[in-house]
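Visitor: Sequence:
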Amino acid sequence: MSIKTTIVHMPSGKWRLETRQGAWPINRNWNGFNTWPEYDHKPTKEEVDVFARELFKAMFGVEPIFIGMEDDEYEYDSRAGL
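Sequential numbering of the sequence shown, starting at 289, is according to my numbering.
I should point out that these hints are in silico values taken from the structure, not numbers from a laboratory.
There may be inaccurate statements among the hints.
Said to hold, decoys possible - Label pairs and their computed distance ranges (CB to CB):
#1 P331 x K292: 50 to 56 Å
#2 A346 x R308: 33 to 39 Å
#3 F339 x K302: 40 to 46 Å
#4 K302 x A340: 51 to 57 Å
#5 A340 x T307: 42 to 48 Å
#6 H297 x I353: 56 to 62 Å
#7 E351 x T293: 51 to 57 Å
#8 T332 x T293: 38 to 44 Å
To be verified - DSSO-like mimics (lysine-lysine), calculated; alpha carbons at most 30 Å apart, straight line:
#9 K345 x K333
#10 K292 x K302
#11 K345 x K330
#12 K333 x K292
A quick note: this is a predicted structure, and the numbers were derived from the prediction, not measured.
Just so it is clear, CB atoms sit at the ideal spot from N, CA and C, and this is done for glycine as well.
Full structure from sequences and hints, please.
Guide: The structure is reproduced here in structure tokens:
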């Protein structure tokens with residue numbers, strides 16, 4: 289657990305230190321952004337493709353049809369009545 293100390297301005301006009309305990313340990317990666325260790329995985333092209341197909345199916349209720357030469361071009365099936 290990480291412990292944070294912040295300076296708080298009280299309504300009486302005085303300042304005091306307040307210590308809080310963080311919910312999760314924060315991990316700083318090479319570029320300075322805060323990340324959690326379990327989310328440091330960069331998805332592969334195949335994982336992104338599977339996620340995009342599942343998201344499309346959840347949103348529109350039909351499987352996306354691959355069209356064109358680009359991998360990221362999806363279009364809904366017009367026979368499904370959308």
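Visitor: Which of the listed hints are not met by the structure?
Guide: The structure breaks hints 1, 3 and 12; every other hint is satisfied.
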